[in-house]
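Q: Just so we're aligned: the sequence shown equals residues 1 to 136 in the numbering used here.
Calculated directly from the structure, the hints in this document are not laboratory data. Wrong hints could be hidden among the right ones.
[Said to hold, decoys possible] Mimicking EDC-like on lysine to aspartate or glutamate, the simulated pairs with C-alpha atoms at most 20 angstroms apart in a straight line are:
#1 102 to 75
#2 73 to 5
#3 73 to 55
#4 102 to 115
[To be verified] Quick list of simulated restraints, FRET-style, between CB atoms:
#5 75 to 20: 18 to 26 angstroms
#6 40 to 101: 36 to 44 angstroms
#7 116 to 30: 37 to 45 angstroms
#8 40 to 79: 21 to 29 angstroms
#9 55 to 92: 44 to 52 angstroms
#10 29 to 85: 49 to 57 angstroms
#11 40 to 64: 15 to 23 angstroms
#12 61 to 81: 51 to 59 angstroms
#13 44 to 21: 35 to 43 angstroms
#14 29 to 95: 26 to 34 angstroms
Every value quoted in this text rests on a predicted model; they were computed, and no experiment measured them. Virtual Cβ for every residue (Gly too), placed ideally from N, Cα, C.
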Amino acid sequence: MKFEDLLLEIGGFGRFQILILAILCLARINLPMHFLLHNFLAATPSHHCAIPHREAFVNLTREEVLLISIPQKPDGTFSSCEMFSQPQFHLLLNSSLQPENKSVIQHCQHGWVYDHSQFTSTISTQVIPGLGSRQN
1 MKFEDLLLEI GGFGRFQILI LAILCLARIN LPMHFLLHNF LAATPSHHCA IPHREAFVNL
61 TREEVLLISI PQKPDGTFSS CEMFSQPQFH LLLNSSLQPE NKSVIQHCQH GWVYDHSQFT
121 STISTQVIPG LGSRQN
C-alpha cells in the first residue's frame with residue numbers, strides 16, 4: 001500500500017496534517033539563526049599583545065607605548081601576535097626604522113588586549129586563557 005493510498009484511506013490531507021506541518025515550520029524558523037550565531041560569537045576583534053609594566057610609561061601616549069612595544073607590519077598596523085622583548089625607544093624618534101636584530105621580536109607573553117568597540121564579548125576573547133583584557 002502506497003502512502004497516497006493510505007492518506008486517502010484516512011480522509012486525505014486534513015486539518016490535523018496542516019497543523020502538524022505548521023508546527024514543524026515554526027520550529028524551522030529559528031534554524032538559520034543558529035547557523036548565523038557563530039559569525040558573531042566566534043568573531044576575533046582587532047587585538048595586540050598585552051604590554052607588561054605599562055604603568056612605567058606614564059609620560060607616553062597610548063600610541064607611543066604601542067610603537068615602542070609592538071612591531072609594525074609593512075602596512076603600518078601593529079602586529080597581533082608579536083611584541084618586542086625590550087622597549088624600542090629609538091622608534092619614538094623615527095618610527096620608520098625597524099629593529100635590525102629580529103631576536104628582539106617574540107610572541108605574546110602576557111596575553112592580548114582586544115578592541116571592544118565592535119564586539120563587547122566573543123568566544124575568542126573569553127575562552128582562551130590570557131585573553132579578554134579590555135583596551136583602554
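Q: Each hint: holds or not?
A: Status of the hints after comparison with the structure:
1. 102 to 75: holds, 18 angstroms
2. 73 to 5: Measuring from Cα to Cα gives roughly 71 angstroms; hence the hint is violated.
3. 73 to 55: violated, 25 angstroms
4. 102 to 115: violated, 27 angstroms
5. 75 to 20: 18 to 26 angstroms: violated, 57 angstroms
6. 40 to 101: 36 to 44 angstroms: Cβ of residue 40 to Cβ of residue 101: about 41 angstroms, so the range 36 to 44 angstroms holds.
7. 116 to 30: 37 to 45 angstroms: Violated, at about 28 angstroms.
8. 40 to 79: 21 to 29 angstroms: With Cβ atoms ~26 angstroms apart, the hint holds.
9. 55 to 92: 44 to 52 angstroms: With a Cβ separation near 18 angstroms, residue 55 and residue 92 fall outside 44 to 52 angstroms, so the hint is violated.
10. 29 to 85: 49 to 57 angstroms: Holds - the Cβ-Cβ distance for residue 29 and residue 85, about 54 angstroms, lies within 49 to 57 angstroms.
11. 40 to 64: 15 to 23 angstroms: violated, 34 angstroms
12. 61 to 81: 51 to 59 angstroms: violated, 23 angstroms
13. 44 to 21: 35 to 43 angstroms: Given range 35 to 43 angstroms: holds, Cβ gap about 41 angstroms.
14. 29 to 95: 26 to 34 angstroms: Because 53 angstroms falls outside the window, the suggested range is violated.
This entry does not satisfy hints 2, 3, 4, 5, 7, 9, 11, 12, 14, going by the numbered hints stated previously.
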